[in-house]
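Chains as they are written, first to last, in the working numbering: chain A, 12 to 338; chain B, 4 to 239; chain C, 102 to 398.
No lab work stands behind these hints: they were computed from the structure. Among the hints, erroneous ones may be present.
Stated by the list, open to error - Derived pair list, reagent style DSS-like, types lysine-lysine, alpha-carbon separation capped at 30 angstroms:
#1 A:Lys293 <-> C:Lys224
#2 C:Lys191 <-> B:Lys72
#3 C:Lys224 <-> B:Lys58
Okay, here's what each chain looks like letter by letter:
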Amino acid sequence: MRKSRIKLALELIAIAIALFFLGNSVSDFRVYEGATVALYVIAICSIILLTGYSGQISLGHGALMAVGAYAAVLARYYWHTSGLLSLIIAVLAAALFGLFLGWAAARLRGPYLAGTTLALAVGLPSLANQFHFLGGEQGLNFDIGAPPKFLGSNFSTTKWYFWICSLAALIIFWLVYNLLHSRFGRQWQAMRSAPVSAAISGINIARSKVLAFTISSGVAGLAGALLVMTLNLVTPSAFPLSLSFAIVTGAVLAGITRLGGAVVGALIIVAIPDIADQIATKAGDVERVSANLPGFITSLLLILTILFAPNGANIGKFMSLRKKKTS
Amino acid sequence: MTLQVTNLSINHDAIEAVQDLTFSINEGELAAVIGANGAGKTTLLRALSGLKNPKSGSATWRDNSMIGKRPEDLVRMGILHVSDGKTVIPELTVKENLALGGLWRKDKTDVAKATTEVLELFPKLGQRLAQRADTLSGGERQMLAIGRCLVARPELLMLDEPSLGLAPIIIEQIFTALNDLRKRTGLTVLLVEQNAMSALEIADKGIIINLGKLVAQGAARDLINDPTLQAAYLGY
Amino acid sequence: MRLLSTFLIGVSSGSIYSLMALALVLVWRSTRVVNFAQAGQAIASTYLGYLVITHTNNYWLALPVAMVAGAVIGALADIALIRPLNRRIKSGPVLEIAPVIATLGLLGLIRSLVGMIWGGDLKQYRAPVSINGFTFGHTTIPFSRFNLLIVFTAIVVMVIFAFVFQRTGLGLALRAAAFQPEIARLAGVRVDLVRTIGWAIAGATGAIAGVLVTPSTSLSPNSLDLLLVLGFVSAVIGGLESLIGAVIGGLILGIGLALILEYVSTSLAFPAAFVVLILILIVKPAGLFGMKRGRDA
Chain A
12 MRKSRIKLAL ELIAIAIALF FLGNSVSDFR VYEGATVALY VIAICSIILL TGYSGQISLG
72 HGALMAVGAY AAVLARYYWH TSGLLSLIIA VLAAALFGLF LGWAAARLRG PYLAGTTLAL
132 AVGLPSLANQ FHFLGGEQGL NFDIGAPPKF LGSNFSTTKW YFWICSLAAL IIFWLVYNLL
192 HSRFGRQWQA MRSAPVSAAI SGINIARSKV LAFTISSGVA GLAGALLVMT LNLVTPSAFP
252 LSLSFAIVTG AVLAGITRLG GAVVGALIIV AIPDIADQIA TKAGDVERVS ANLPGFITSL
312 LLILTILFAP NGANIGKFMS LRKKKTS
Chain B
4 MTLQVTNLSI NHDAIEAVQD LTFSINEGEL AAVIGANGAG KTTLLRALSG LKNPKSGSAT
64 WRDNSMIGKR PEDLVRMGIL HVSDGKTVIP ELTVKENLAL GGLWRKDKTD VAKATTEVLE
124 LFPKLGQRLA QRADTLSGGE RQMLAIGRCL VARPELLMLD EPSLGLAPII IEQIFTALND
184 LRKRTGLTVL LVEQNAMSAL EIADKGIIIN LGKLVAQGAA RDLINDPTLQ AAYLGY
Chain C
102 MRLLSTFLIG VSSGSIYSLM ALALVLVWRS TRVVNFAQAG QAIASTYLGY LVITHTNNYW
162 LALPVAMVAG AVIGALADIA LIRPLNRRIK SGPVLEIAPV IATLGLLGLI RSLVGMIWGG
222 DLKQYRAPVS INGFTFGHTT IPFSRFNLLI VFTAIVVMVI FAFVFQRTGL GLALRAAAFQ
282 PEIARLAGVR VDLVRTIGWA IAGATGAIAG VLVTPSTSLS PNSLDLLLVL GFVSAVIGGL
342 ESLIGAVIGG LILGIGLALI LEYVSTSLAF PAAFVVLILI LIVKPAGLFG MKRGRDA
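Let the hints inform the model, and build the full structure from the sequences given.
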């Protein structure tokens with residue numbers, strides 16, 4: 012049951028309003044976490060599109076986030092583009108990169124694609140160390156600009172970031188949802204679940220795959236730009252291999268074909284370090300336990316999810332899409 | 004009755020492919036299971052060889068249950084199955100394919116003896132021992148698959164449409180070899196065939212299935228001459 | 102001389118990548134799973150080897166202990182994780198990605214467990230033989246006795262692999278179970294057991310790689326991650342289908358990286374590895390020795 016565009020838009024606006032009130036009533040730290048959750052939602056959406064729908068595995072989306080991030084920062088640093096334009100440049104740059112990558116990867120199946128994206132995740136960020144104009148290891152500063160005057164002089168930057176991320180997340184969600192329910196989405200699903208029939212019925216598999224990769228990369232690029240916006244800094248160390256793994260984890264926890272689950276996935280990824288910290292302090296605050304507990308819990312959760320609920324936690328709420336059963 | 008199938012029901016996807024099937028075969032018999040496409044013959048064989056779990060019912064070989072066991076275990080009971088479709092491992096050589104059949108056996112001397120017997124039965128294989136199995140013709144692959152089973156000294160051999168796509172002269176070679184073997188060793192053969200007439204001509208017993216249900220079973224000769232069956236299943 | 106010593110260093114590190122690649126290819130061929138947890142298995146085995154070293158100061162004892170640990174952990178991973186996974190997931194959107202997720206999860210699990218038990222500080226592993234470079238007259242090359250040990254061990258492992266695979270019943274069963282598991286079953290091969298043995302062998306191999314590389318890199322819960330990536334890239338270069346390909350891929354990557362590290366720059370090494378990988382895959386999407394299969398096997 013696909014929601015009409017208008018209905019979905021109204022629901023999202025309702026959520027936006029709810030978030031507005033939420034943002035005003037919790038601590039600054041939570042607001043910052045909220046911003047992080049929102050940008051992870053965007054990143055997870057990109058994986059759901061790529062893997063859940065078009066069936067291509069990427070273990071290197073962290074690198075695509077880095078491309079978007081660096082593009083945004085470079086644009087602002089050297090050309091002084093506005094905040095909005097920087098974000099748009101992030102999307103376009105990452106999408107362009109994804110276009111080339113997707114073209115090269117279109118013929119690769121499962122493990123070969125996984126290996127290539129893995130190598131990308133490890134290789135790409137270290138490029139920044141090589142070239143001075145990319146800022147090297149220290150990176151470059153990124154300031155998206157102060158909140159506009161009409162919001163009042165007391166409006167915190169954290170809240171401003173939260174608004175930007177949430178707005179971006181809502182817009183991306185709306186766009187991706189409609190895309191996944193369009194003929195492109197159906198093509199991708201067909202490609203993934205019945206590739207031979209899909210090819211016979213005239214779908215140009217390679218082009219469809221590349222399209223998915225391009226769009227997914229653009230979305231990931233936006234998430235990357237938002238990430239460095241909240242950090243006020245872009246460095247290679249913001250994009251470790253564990254970032255790529257984390258967003259894939261989030262997508263699986265979300266239910267890799269359920270767009271609505273992206274929020275759940277993002278929440279889990281961001282919340283786990285918090286929860287782990289609390290458990291660790293209660294358990295005695297041994298440094299090596301508390302440092303590793305988040306990873307332990309996340310991994311355990313991941314294994315349990317893939318074994319017992321491989322299609323993600325059944326949220327079943329108003330946001331979930333029922334995937335069409337293709338036999 | 005050495006092979007006894009009682010009230011066997013098997014599902015395939017959502018369909019009841021085999022319904023409440025009951026039949027039996029004596030030791031040393033060659034029984035032909037015939038029926039149109041989709042009658043459930045392949046499903047039956049896959050259940051009897053442990054590749055599929057039936058919904059209900061029982062099947063026993065020499066009073067030992069065949070249900071709920073894995074194919075590897077049934078092989079050790081002497082039950083071998085040559086499936087339809089891929090019968091040999093294309094990437095392995097003829098020699099390796101044959102050796103595969105005897106891997107589980109402890110008596111390596113007898114394995115060597117059995118292999119020699121197989122090569123006498125199917126000389127073409129002996130000429131191609133070092134070749135990869137994917138270079139073999141269809142008939143040679145059937146021979147290789149059967150040969151691999153024979154290395155395991157089977158008591159019950161189940162063949163799923165072995166003649167599919169093969170030239171009549173090759174089919175004759177294979178069936179003659181099988182018949183020889185049967186007479187010498189008392190091997191029981193369960194043969195699934197779409198080509199009803201040729202199957203019944205070499206069989207002792209016939210079992211006719213339609214849409215998963217038993218239509219008739221009895222001596223092959225009687226089935227061939229039965230007028231009602233002639234029209235419906237035997238094609239004339 | 103510089104070229105030669107760089108080449109030799111490349112062979113030494115490439116040998117370690119090959120070992121990791123062999124482990125990955127073995128599991129891929131027998132179970133159709135890329136075992137990312139290989140690094141986790143290896144690091145746990147290496148830490149257990151470390152325990153042996155701290156108590157007995159005997160590297161030669163640590164190696165077999167690590168191998169046994171690797172084999173046991175590998176077998177357990179197959180029995181406890183992969184077998185149930187294969188039973189539960191036979192179709193659906195997560196079919197291809199499920200084993201990837203499962204092994205990634207297992208990797209994180211083992212790594213964090215190791216971190217919780219031993220902590221994250223770097224531990225040292227002393228090499229059993231000299232790590233000083235060989236000296237010829239007045240020149241010393243960076244290739245040491247230890248590097249020679251590495252290459253020698255890798256060669257021994259490869260020979261054993263080749264022998265087991267091509268000339269033993271176990272090897273035949275492994276190959277048959279990998280190519281056509283259903284036919285193998287119908288031939289009487291205990292496919293599940295054979296696959297678990299494959300995982301055990303792979304685990305032992307990964308443990309060897311871990312123990313061999315650690316004297317140079319120090320030991321920490323994350324110290325084998327890079328080896329996993331490089332091993333995987335080596336395996337993919339060689340085409341995941343071929344054990345020989347794994348070895349050659351490892352050597353290509355090892356020598357290539359050594360050359361770039363020496364003659365170009367340190368930070369371009371990994372980007373270069375990526376470029377090499379993707380160029381190879383553009384021309385041969387199934388790797389150098391990969392077989393083009395019509396369908397997903």
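Results for each hint:
1. A:Lys293 <-> C:Lys224: 28 angstroms, holds
2. C:Lys191 <-> B:Lys72: 20 angstroms, holds
3. C:Lys224 <-> B:Lys58: 58 angstroms, violated
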